[in-house]
Each structure stands twice: as structure tokens, then as C-alpha cells.
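4 protein chains.
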Amino acid sequence: MKILLTGFDPFGGESINPSYEAIKKITNHHPSVEVITKELPTIFKKAIEVLDDTLASVKPDVVVCTGQAGGRFDISLERIGINLIDAKIPDNDGDQPIDEKIFADGKEAYFSTIPIKAIVKRMRENGIPASVSNTAGTFVCNCILYGAMYLIDKKYPDIRGGFVHVPFLPEQVIDKVNMPSMSLETITQAFEVMIETIATTDQDIKEIGGTIS
Amino acid sequence: MKILLTGFDPFGGESINPSYEAIKKITNHHPSVEVITKELPTIFKKAIEVLDDTLASVKPDVVVCTGQAGGRFDISLERIGINLIDAKIPDNDGDQPIDEKIFADGKEAYFSTIPIKAIVKRMRENGIPASVSNTAGTFVCNCILYGAMYLIDKKYPDIRGGFVHVPFLPEQVIDKVNMPSMSLETITQAFEVMIETIATTDQDIKEIGGTIS
Amino acid sequence: MKILLTGFDPFGGESINPSYEAIKKITNHHPSVEVITKELPTIFKKAIEVLDDTLASVKPDVVVCTGQAGGRFDISLERIGINLIDAKIPDNDGDQPIDEKIFADGKEAYFSTIPIKAIVKRMRENGIPASVSNTAGTFVCNCILYGAMYLIDKKYPDIRGGFVHVPFLPEQVIDKVNMPSMSLETITQAFEVMIETIATTDQDIKEIGGTIS
Amino acid sequence: MKILLTGFDPFGGESINPSYEAIKKITNHHPSVEVITKELPTIFKKAIEVLDDTLASVKPDVVVCTGQAGGRFDISLERIGINLIDAKIPDNDGDQPIDEKIFADGKEAYFSTIPIKAIVKRMRENGIPASVSNTAGTFVCNCILYGAMYLIDKKYPDIRGGFVHVPFLPEQVIDKVNMPSMSLETITQAFEVMIETIATTDQDIKEIGGTIS
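Protein sequences appear in the order of chains R, U, B and L.
If you count the first sequence from 1, position 33 lands on 33 in this note's numbering, and the numbers rise without skipping.
If you count the second sequence from 1, position 98 lands on 98 in this note's numbering, and the numbers rise without skipping.
If you count the third sequence from 1, position 208 lands on 208 in this note's numbering, and the numbers rise without skipping.
If you count the fourth sequence from 1, position 65 lands on 65 in this note's numbering, and the numbers rise without skipping.
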């Protein structure tokens with residue numbers, strides 16, 4: 001099995017992005033999996049273009065994009081990407097679209113097709129805080145989740161895809177107040193657990209994992 | 001203009017639901033609007049059935065469903081409902097579906113069609129904390145938002161629809177720790193501002209209102 | 001019984017201070033209580049000077065100072081004031097002492113002598129979120145609590161004293177993210193309940209109200 | 001220099017206490033420091049008795065007690081211990097005093113005498129989230145901070161003392177919602193930085209580190 005993992009470059013005034021930092025450190029993954037990593041720019045259109053090119057050249061079985069979610073307390077397995085850009089801040093190219101569709105011919109939303117409940121369960125069994133999230137926001141992270149699933153829907157129907165949000169690193173919250181963080185080692189381990197779960201799970205499990213609101 | 005407002009009955013161990021309490025108190029609304037209110041049961045299937053019947057009999061121009069979002073800090077204008085039930089707790093009929101579709105023939109998601117950005121702006125101008133939310137959860141609130149937009153899509157194409165989440169009332173957080181609340185008066189005023197905004201807004205405005213994650 | 005209530009003027013970039021706003025609105029208080037109100041400047045030294053002058057002229061039986069605690073979720077009955085100024089921001093006179101004593105000849109700390117547990121209990125019975133707090137911070141609020149109890153200890157041994165922190169008003173959190181608030185009506189009612197409790201309580205009650213950390 | 005570090009045993013339904021776990025893992029400390037570690041029971045009276053015995057036998061230059069502060073986001077250098085027990089839950093011996101003094105002949109409060117501002121600064125320089133805290137709560141952690149400083153005041157005037165609160169470990173928050181955590185490696189490193197700072201700091205620095213409320 002070939003898994004493509006993407007992470008983003010730093011944005012929003014940060015000098016580091018934990019998503020790509022953790023991906024680079026992955027070593028201890030499932031023996032039957034080949035892991036390919038790729039850094040994506042935090043730029044709406046270009047991120048999708050680079051992802052499309054990478055999917056075409058790598059031809060993975062699974063693609064999992066990852067990104068930084070400052071303010072989150074745990075590893076968040078995103079359930080759905082929506083056809084919307086509503087940029088709170090400019091992307092790394094200075095572009096700040098408001099209430100625009102990502103693809104005019106795309107569905108309203110696409111659900112992730114990696115086994116998010118099984119991954120959350122396995123992460124927790126390994127002592128790593130994790131949960132299912134029902135929004136990836138409206139910035140570049142949602143854009144790449146939606147974009148990945150759109151590309152899969154249109155061009156790569158055999159690929160499974162998903163997105164994972166990770167908290168700030170401890171060093172990123174030093175000058176912030178009451179901001180949760182997670183160590184790079186824990187995030188990296190979470191990704192290793194995710195790879196193993198994807199490699200060994202045919203169908204997602206039914207576990208309680210929703211939210212009231 | 002005829003606006004149908006729905007609220008839910010209490011659930012999750014609460015003895016009151018601020019959504020319907022506030023709807024009942026609305027008095028000071030825009031003179032050109034006729035407001036019809038309806039309490040819905042916090043039951044997945046039945047809530048949609050009651051809503052469908054009410055839409056058929058009331059024939060409103062606009063339907064806004066409202067619900068309690070314990071833990072939220074402000075009035076949340078929901079942007080999208082998704083085709084998923086993942087019940088963290090049983091509904092008021094003891095039913096707790098996990099990872100099921102709401103309608104097999106429905107889209108992945110439907111976007112709200114009320115002017116959420118304009119409403120948020122007007123609420124803030126009136127001193128009421130408000131924001132756009134990109135997830136209504138996976139419980140009955142999301143179910144009725146999705147259900148309303150599904151019904152509109154299939155049967156009532158001329159109706160505009162949306163959903164608003166409101167925080168706990170102060171009396172509901174007395175035995176909870178660090179839980180935000182909002183007074184019934186403020187929530188009621190928020191609804192009155194919303195009605196006025198819907199009555200006077202043809203097309204939503206473009207204002208920054210997204211989230212990074 | 002004569003109760004002196006003080007509130008502060010706005011500080012920290014705010015245009016309003018809910019503490020003094022609420023005090024001004026108190027009308028429905030216990031018939032046997034005479035309520036005198038006074039606005040204090042958010043200035044370390046001057047606040048204590050004005051308080052001292054007011055205590056001398058008013059000769060109250062009880063003094064309760066109140067202040068704004070942005071970020072708090074409920075009405076906080078402060079338990080203790082400490083002999084320390086560690087100003088995170090300048091006061092309204094531009095003064096920003098760091099790690100200085102308030103009074104060189106004062107105790108390390110003084111405990112409040114109003115019935116904080118009874119007040120919390122009564123507020124909750126009236127549907128108002130309230131709790132005991134074990135820190136009033138290290139800015140002007142702690143300074144006036146400590147100062148009041150110091151003055152009582154040194155000059156006015158028959159006066160009982162305390163301090164109450166109140167959350168932001170809704171209108172103050174409109175441009176803040178995930179910031180709790182409380183309506184002016186609820187804060188005012190809380191003060192009225194406090195006055196009644198002080199007027200009718202000889203000795204504080206023993207109720208669980210501590211914190212683990 | 002001889003530093004005594006204490007941690008607590010698990011309490012409040014937890015099966016592990018990060019404070020003592022981290023202390024046990026300290027290896028990389030300043031060469032001129034001898035580190036002695038001791039586990040204290042989470043029992044009001046006994047914790048102080050064991051600490052007193054340990055101070056008498058170890059005769060350290062510095063004592064730093066540490067404890068778990070579930071809900072905190074960073075390493076908290078406690079500034080002050082207060083003469084009060086107000087137990088929210090029973091201690092590990094089933095004792096739950098409410099609003100009682102720790103020592104009848106003790107001061108209202110004692111300030112820590114380790115260089116808390118310098119320690120916070122050094123931790124942050126090492127990428128570790130840290131801050132000064134103005135309350136250690138009213139449970140056993142505050143009790144041992146107050147008790148340590150009381151014993152120092154009465155019997156061991158040459159010893160410097162303080163207290164550090166640490167967040168939950170990641171594995172402790174798996175079944176909690178939106179609860180911050182910190183890895184054992186980061187907490188251990190924080191303690192190593194603290195030891196080095198204490199060993200090399202004669203007088204604390206003046207840095208902004210207070211709170212508004």
C-alpha cells in the first residue's frame with residue numbers, strides 16, 4: 001500500500017507548521033506501507049494544483065492531507081470538506097477570497113473516505129488524544145480536503161482520502177494565553193498509528209464519536 | 001413576509017431549552033413580518049416529520065430552525081447541514097443512530113439560504129455576540145437543518161431556510177464549570193434582529209466571517 | 001446597615017466597565033440596607049486613596065469593591081487579596097509596577113470578611129452563575145481588595161469587606177473570540193442578591209466551594 | 001546545592017500523577033546540583049508530615065514541591081500559598097475539610113522564594129509553555145506549598161521553597177473533552193530547566209508576568 005501524506009508550510013505569522021514537521025519525522029510505520037511525503041503551500045489554488053500533480057505522479061492508494069489547527073486540543077480526524085472558501089486571513093500568496101466556491105462543478109461537500117473512527121480509537125488506545133471533527137474550517141485546510149476529495153471523485157476514483165488537523169506545538173504557544181499544544185513526538189506517533197490503522201482496516205467501525213453541536 | 005421559527009424541547013438532562021423559550025418571547029419584530037412559532041421534539045425522525053407538516057400548512061417564505069448549543073459563547077448562524085447522524089447521546093425517543101445518512105437520496109450537504117453574514121453583522125451592531133458557524137454538530141440540530149434544506153430542495157423550492165444555535169441560559173450553567181451562557185433577553189433580542197435582517201435583506205453581504213480550522 | 005459599593009472606570013482599551021455600570025443600576029435591594037456607590041479610578045495608588053477617603057466619610061458597615069474580570073464565566077466572590085502588584089498592563093495613569101508590595105507594613109494577604117459562600121449559594125438559587133475565586137489577579141482589582149482589607153485592619157476594624165469580579169458585558173465581547181459574557185441585568189441582580197445576603201447573614205456557611213488547582 | 005523535589009501520588013480518579021512521574025525521569029540536570037526526589041501522599045496532614053521529616057533528614061538548600069493541575073495549559077510557577085483548606089473532593093485518606101486553616105499560628109499566606117520569573121523566562125526560551133500562577137487552589141497542592149513555606153518560616157529559615165503545577169499528560173485526557181495536556185518529556189525538561197535556573201540565579205528578575213484578574 002502506498003500512502004501519500006501532505007503537510008503545509010507555515011502561515012498566519014507562525015515560523016513553523018507542525019503538520020509537515022511531524023510528517024517528516026515519521027519512521028516507525030507499518031512494514032507493508034510505502035509512505036510518500038509532500039509539503040504543500042498554504043495557498044488556495046496552488047495547494048490543489050500541487051496535490052493534483054503529486055497524485056498523478058505518485059499514484060497512491062491513500063492520500064491524507066494534514067494541517068495545523070491552532071486552538072485544537074487533540075488530533076482531529078476531519079469528517080467532511082465543504083465547497084467553500086471564506087478566508088479569515090490572507091493565504092501565503094496574499095489571496096483572501098470570501099464566500100467563494102472551491103470548484104463550481106463540485107458537490108456541496110465530500111465525506112472523507114479513510115476510517116476516521118477506527119483511527120481515533122487506535123490513537124486513544126496508544127494514549128494519544130484524538131477525536132472526529134465535523135468542520136475543517138473555511139481556510140486552506142478545508143480547501144485541500146475538499147480539493148482532494150473532488151479530485152478523487154473526478155479523476156482518481158480508486159484512491160481513498162482524508163484530512164487530519166493537529167494542534168500547535170508547545171513552542172508555538174509560549175506567547176499565547178491558555179492555548180493548548182501537543183509535542184512533535186506525540187503528533188508523529190499519532191501519524192504512525194494512523195498509517196497502521198489505514199493499512200489494516202478495510203471498513204470503518206461504528207463507534208460513538210459525534211457532537212451535539 | 002411569513003417566517004416560521006422553530007425551537008426544540010429540552011434534551012440531554014436539561015429542564016429547559018433556550019431556543020424555544022426565546023422564540024416564545026419574541027414580540028418586537030419587523031412590522032411587515034408575520035412570525036409563526038413551533039416547538040419541535042428533539043427526536044431525529046419526528047422532528048423532520050413535524051417540520052414537513054408545518055411547512056405544508058404554514059407555507060412560510062422563510063424557515064429558521066433554532067436549537068441549544070451548550071458550550072457556545074455566542075449566537076451561531078449555521079452555514080451548512082450535512083447528511084449524517086452520529087448521535088453522541090440518545091434523542092428524546094431513546095434513538096441513537098451512529099454514522100447514518102439522514103436521507104439516502106439527499107445531497108452530501110446543503111448550505112443555509114438565509115443571509116447569515118448580514119444577520120451576524122446586524123446582531124453585533126446591536127451589541128449581541130454572534131458569528132458564523134461551520135458545523136451544527138451531528139445530533140438533532142444538524143438533522144433538522146439538513147432536513148429543512150432537503151425538504152426545501154425537494155418540495156418547497158421558494159422557501160429560504162437556515163438554522164441558529166444559541167448558548168445555554170445562565171440558570172443552566174450554575175452547576176457547570178467555566179461554561180458560557182447568554183440571557184434569555186439577549187437571545188430573544190437576537191432573534192428579533194434576525195427577523196428584521198431577513199425581512200430587509202435581499203442578498204447576503206460579503207464580510208470576513210470564516211475560521212482557520 | 002450601610003453598604004458601600006465601589007466599581008471601577010473603564011481600562012485596558014474598553015469603553016465601559018461592567019462593575020460600575022451594574023452598581024449604578026441597583027434599585028431593588030434589601031429595605032434595611034442603605035447602599036452608597038462610588039466609582040474608583042483604575043489607578044493603583046489613587047484607587048486606595050479615594051477608597052480611604054470614602055470609608056472615612058461614609059462610615060459604612062460593609063464595603064464591597066467590584067471590578068471587571070474579562071474572561072471569567074461567572075460572578076466571582078474573591079476570597080483573598082495579596083500584598084503584590086504585578087501589572088500586566090499600565091493602569092489608567094500609565095503606571096506599571098512589577099512585583100512590588102502594596103503596603104510595606106501589610107500582611108502577606110488578607111481574607112475577605114463578607115460571607116462569600118452564602119452569597120454564592122444565594123446567587124445560584126436565583127439562577128445566577130457564581131463561584132468563589134482564590135485569586136483577584138495582580139492588577140488594580142487585587143490592589144483595591146488588599147487595600148480595603150489593609151485599611152480595615154489598620155483603621156476601620158468594625159467594617160467588613162470583600163471584592164466581587166464580574167464578566168464582560170455581551171457588547172464587550174463582540175470583537176473577541178470565544179469570550180464569555182454576562183448581561184448587565186444579570187450582574188445587577190447578582191449585586192442585589194449579594195446585598196440581601198450580607199444584610200441577613202451573620203456568619204458564613206460551610207459549603208464545598210474550593211478548587212483543586 | 002541540594003534540591004529536594006517532591007511529587008504527589010495519583011488522586012481524583014486518575015491512575016497516574018504527572019508530577020511525580022516527571023520528577024523520576026529527571027537525569028540531565030545542572031552538574032553542581034544534587035537532586036533528591038520524594039513522593040508525597042495526596043493527604044492533607046500526612047503530606048506535610050512527610051515533607052517535614054524529609055526536610056529534616058535531607059537538609060536541602062531548596063525545596064520545590066510539584067503537583068498535577070488538571071485543566072492548566074502550561075507549567076505554572078505558583079507565587080503564593082494561602083492558609084486555607086477548602087477541599088472540593090476528599091483527599092486520598094477520605095478527608096475533606098472545608099474552610100479550615102492549615103496552621104492556626106501561620107500567616108495568612110506565604111510567597112514562594114524560588115525565582116519564579118527567571119524560571120518562567122528560561123522555560124520559554126527552551127520552548128516550554130510556562131507562566132506565573134497566583135493561586136495553587138485550595139486542595140492538597142496549596143496545602144503543601146503553604147506547609148513548606150510555613151515549615152521554612154518556623155524551622156528551616158535558610159531553605160528556599162516553591163511549588164510548580166503541571167498539566168495532565170496526553171494519556172490522561174483521552175476521555176475528557178477540550179482538556180489541555182503536556183507530554184511527560186516536556187514536563188521533565190521543564191523541571192531540568194528549573195533546576196538549572198535555581199542553581200544559577202541569585203535574585204529573581206523583574207519581568208511582566210501578572211494577570212489582570
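Source of the hints: derived by calculation from the structure; they are not laboratory data.
Treat the hints with caution; some may be incorrect.
For chains that are exact copies, the list does not tell them apart, and a pair is met inside one copy or across any two.
What the hints assert, rightly or not - Pairs of lysine-lysine residues, derived as DSSO-like cross-links and limited to a Cα-Cα distance of at most 27 Å, are as follows:
1) K107 with K176
2) K46 with K155
3) K88 with K206
4) K154 with K121
5) K46 with K176
6) K155 with K206
7) K155 with K25
8) K24 with K101
9) K101 with K154
10) K121 with K176
11) K107 with K45
12) K206 with K45
13) K206 with K107
14) K155 with K107
15) K176 with K155
16) K154 with K107
17) K24 with K38
18) K88 with K2
19) K206 with K176
20) K45 with K2
21) K25 with K88
22) K59 with K206
23) K25 with K154
24) K176 with K2
25) K59 with K88
26) K176 with K45
Quick rundown of the hints versus the structure:
For a Cα distance limit of 27 Å, the shortest separation of K107 from K176 qualifies neither inside one copy, at 38 Å, nor across copies, at 33 Å. In the homo-oligomer, the alpha carbons of K46 and K155 lie at most 27 Å apart inside one protomer (18 Å), although the nearest pairing across protomers, at 40 Å, exceeds that limit. With identical chains, the CA atoms of K88 and K206 are at most 27 Å apart between copies only, with a shortest distance of 12 Å across copies and 35 Å within one. In the homo-oligomer, the alpha carbons of K154 and K121 never lie at most 27 Å apart, since the shortest distance is 31 Å inside one protomer and 37 Å across protomers.
In this assembly of identical chains, K46 and K176 lie within 27 Å of each other by CA distance neither inside one copy nor across copies; the values are 30 Å within and 32 Å between. Taking identical chains as interchangeable, the C-alpha atoms of K155 and K206 are never at most 27 Å apart, the minima being 29 Å within one chain and 32 Å between chains. In this homomeric assembly, K155 and K25 never come within 27 Å of each other (Cα to Cα): the closest approach is 30 Å inside a single copy and 52 Å across copies. For the homomeric pair K24 and K101, neither the shortest alpha-carbon distance inside one copy (32 Å) nor that between copies (37 Å) is at most 27 Å.
In this homomeric assembly, K101 and K154 come within 27 Å of each other (Cα to Cα) both inside a single copy, at 16 Å, and across copies, at 23 Å. Proximity of K121 to K176 under the C-alpha cut-off of 27 Å is restricted to the inter-copy arrangement: shortest distance 14 Å between copies versus 30 Å within a copy. Taking CA atoms no more than 27 Å apart as the test, K107 paired with K45 passes in both settings, with 18 Å inside one copy and 25 Å between copies. In this homomeric assembly, K206 and K45 come within 27 Å of each other (Cα to Cα) only across copies, at 20 Å, whereas the closest approach inside a single copy is 35 Å.
With identical chains, the CA atoms of K206 and K107 are at most 27 Å apart both within one copy (25 Å) and between copies (22 Å). In this homomeric assembly, K155 and K107 come within 27 Å of each other (Cα to Cα) both inside a single copy, at 14 Å, and across copies, at 20 Å. In this assembly of identical chains, K176 and K155 lie within 27 Å of each other by CA distance neither inside one copy nor across copies; the values are 42 Å within and 40 Å between. In the homo-oligomer, the alpha carbons of K154 and K107 lie at most 27 Å apart both inside one protomer (11 Å) and across protomers (17 Å), since each shortest distance falls under that limit.
For a Cα distance limit of 27 Å, the shortest separation of K24 from K38 inside one copy, 9 Å, qualifies, whereas the shortest one across copies, 39 Å, does not. In this assembly of identical chains, the alpha carbons of K88 and K2 never lie at most 27 Å apart, being 35 Å within a copy and 34 Å across copies at closest. For the identical chains of this complex, K206 and K176 are inter-copy neighbours only, at 20 Å across copies versus 37 Å inside a copy, given an alpha-carbon limit of 27 Å. Within a single copy, K45 and K2 get their C-alpha atoms as close as 25 Å, which meets the 27 Å cut-off; across copies the closest is 41 Å, which misses it.
Taking the shortest Cα distances, K25 and K88 never come within 27 Å of each other, neither inside one copy (30 Å) nor across copies (35 Å). Proximity of K59 and K206 under a CA criterion of 27 Å is satisfied in neither setting, with 29 Å inside one chain copy and 39 Å between copies. When the C-alpha separation of K25 and K154 is checked against a cutoff of 27 Å, the pair qualifies neither within a copy, at 32 Å, nor between copies, at 49 Å. In this assembly of identical chains, the alpha carbons of K176 and K2 never lie at most 27 Å apart, being 38 Å within a copy and 34 Å across copies at closest.
Neither within a single protomer nor between protomers do K59 and K88 lie at most 27 Å apart by alpha-carbon distance, with minima of 33 Å and 37 Å respectively. Taking the shortest alpha-carbon separations for K176 and K45, neither the intra-copy value of 30 Å nor the inter-copy value of 30 Å comes in at or below 27 Å.
Of the numbered hints stated above, those contradicted by the structure are hints 1, 4, 5, 6, 7, 8, 15, 18, 21, 22, 23, 24, 25, 26, listed in ascending order.
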